[in-house]
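Colleague: Listed below are the residues making up each chain.
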Amino acid sequence: MTTTALAPELAPDVDREARPRHPALGRFLHHRLGVAAAAVLVLIVAFCFLGPLMHPTASAANLLAANQPPSGAHPLGTTPNGRDVLGRLMVGGQSTLELGLSVGVLATGFGLLYGTVAGLAGGVLDAVLMRIVDALLSIPFLFFVILLASIVRPTLPLIIAVISGVSWLSTARLVRAETLRLRTLDYVEASRGFGARSWWILLRHLVPNVLGVLVVNGTLKVADAILTFASLGYLGLGVPPPATNWGAMLSAGVNNFFDGYWWQLWPAAVLIVVTVLAVNVLGDALRDVVERRLG
Amino acid sequence: MLAVSIVVFGLLHALPGGLVRAQLGTHVSQVAVRALEVEEGLTKPLPVQYLLWLRGVLEGQLGQSFKLGEPVSTLIGLYVPRTILLVGVSLLFAVAIAIPLGLWQGYRRNHVDDHALSALMLTLYSMPTFLLGVLLIIVLNSWLGLLPSLASDFGASLGTDVRDLALPVLTLTFANVSYFSRYMRSSVIDNLLEDYVRTARAKGASERRVLLRHVLRNSLTATVTMIGLTLPYTVSGSLIVEALFNFPGAGLLFWNAAQTRDFMVLLGIVLVISIATILGNLLADLAYGLLDPRVRVR
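Protein chains in written order, with my numbering: chain A, 1 to 295; chain B, 296 to 593.
Please note that a few of the clues may not be correct.
[What the hints assert, rightly or not] Sample of chain A residues at the chain B side, in silico, Cβ under 10 Å:
(1) 135
(2) 142
(3) 146
(4) 147
(5) 149
(6) 151
(7) 223
(8) 230
(9) 231
(10) 235
(11) 258
(12) 269
(13) 272
(14) 276
(15) 281
(16) 284
Honestly, the hints are just simulated from the structure, not real lab data.
Ideal placement from N, C-alpha and C gives every residue a C-beta, glycine not left out.
Based on the provided sequences and hints, a complete structural model is requested.
Modeller: Here it is in structure tokens:
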């Protein structure tokens, strides 16, 4: 799974409720900024996953070629270990994008489950579930993540789990609020009046209706996750070498920049900012599409 | 808060190899490990250890730092106020910049200046905090030579402190402005569509009066709530900033403690920072009451 899939795959989700034709998809295609952001993301994904085919690089360190400025063989120079910066950016991008998308999906899925259960259950269970969320939300999350990461040796799946473990909280809150709003609507009442069970109402009425909001929320989670991953990389809590990611490259670049090795900083910086920016713009565009349908 | 402390306590005791191993390293005998475990009460059942620690907390005792050899409460008394200062000052600046900015952007919605500012803010928002800090170092320190890039001497004297604080505060301020102003802008846009704005204009109020007396106040309520809710994120951001500038605050202390697995320090800081964050939230709620008379009546 890659981020390319984001735009084409999620957009149909948005309009599933807006049958018979696809007005939401049409509106999205008219959102020029949103389409541009999606296109940029497609390019970035292609760069990371198809790029290595066109620009194959060895992953082994080569200390004889350390810290070389950009040249024909190494268009973006080399790292302190003599690895090709361009090649490393592609490989690092793969794990960065995988992490962002996984966190977006996991956090959204769990938040959806938790929030709808709390919202539908009501009463004591709801109160207990939401107090837990409040308590966890009041801890500055980075402290929590650092604590976890310092206890267990970080691997990519673990970091995905940890960031998702923090990220689902606000989704759960959002979903619960939406559920509370939706469950008082007439058609849900009517369904209940016909004797529908809770799980039926959940799957048939609530989940499809919160999907739009969730897609927007999930997109922004992807952006946040990439930034958090970068920050963790900076604090030395990323994935250990030879695996790499943009955050780790960026922090190495920061440390070496003041020795004059500018090519180790700027490419990683530009890629990370452009990617997160594109994801954020895409999220805003999707919100415009979804909210117009609601309003 | 209680839940938080239980979670943290449990996590730390899940350390592979145990706490004492983390302190002494791997090159010690079983006997020495055992002795220290007994000495520090680590052989007692976990719930008992937890209750002992909790009793200590209530008496103001947070335990001893393994690595630094000082009581945790002393360390916290020294480091936490600096973090509160850093976060507090940059929050003030961020609010002072973001609110007029958001108001202006909301008012000038979809004009060129609004688009330019939105793009700038979104770019800042899409930047890891440490990269923002490094960009500021490059411009203000390397190019212009204006400000020191390290704040490790913070606490020496008032004159140098202000200069040392400048870059950390600026970094955290910019990170927050980008978030707050986006929120303020959309809040202003929502409010400008409200009926009371039309009423005010119909009564002949000047644009200036409509904006400053009506829209500003109504938009502030939502923004203040949001600022309260994002406080934990700001505190997290300050950890990054402290690590970047070597600013001796609670975040840096925590980071170092995490690397040396200094268990009591970690526990103490999480507790104190969580309490401080909750108090900050309370402050935001109080401010909310000041701004919106409807929630004051109880």
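Colleague: With reference to the structure, classify each hint as holding or not holding.
Modeller: A quick look at each hint next to the structure:
1. 135: With a minimum Cβ separation of about 5 Å from chain B (threshold 10 Å), the hint on residue 135 of chain A holds.
2. 142: Holds - the Cβ of residue 142 of chain A comes within 10 Å of chain B, reaching about 3 Å at its closest.
3. 146: Residue 146 of chain A check passes; min Cβ-Cβ to chain B is 5 Å, inside 10 Å.
4. 147: 6 Å, holds
5. 149: 8 Å, holds
6. 151: 6 Å, holds
7. 223: 7 Å, holds
8. 230: Status holds, d = 4 Å.
9. 231: At about 6 Å, which falls below the 10 Å cut-off, the nearest Cβ of chain B leaves the hint on residue 231 of chain A intact, so it holds.
10. 235: Nearest chain B Cβ about 6 Å off; hint holds.
11. 258: This interface hint holds because 7 Å falls under the 10 Å limit.
12. 269: 6 Å, holds
13. 272: 7 Å, holds
14. 276: Hint holds; residue 276 of chain A Cβ to chain B Cβ min 4 Å, cut 10 Å.
15. 281: Residue 281 of chain A check passes; min Cβ-Cβ to chain B is 7 Å, inside 10 Å.
16. 284: 8 Å, holds
In terms of the numbered hints stated before, the structure departs from none.
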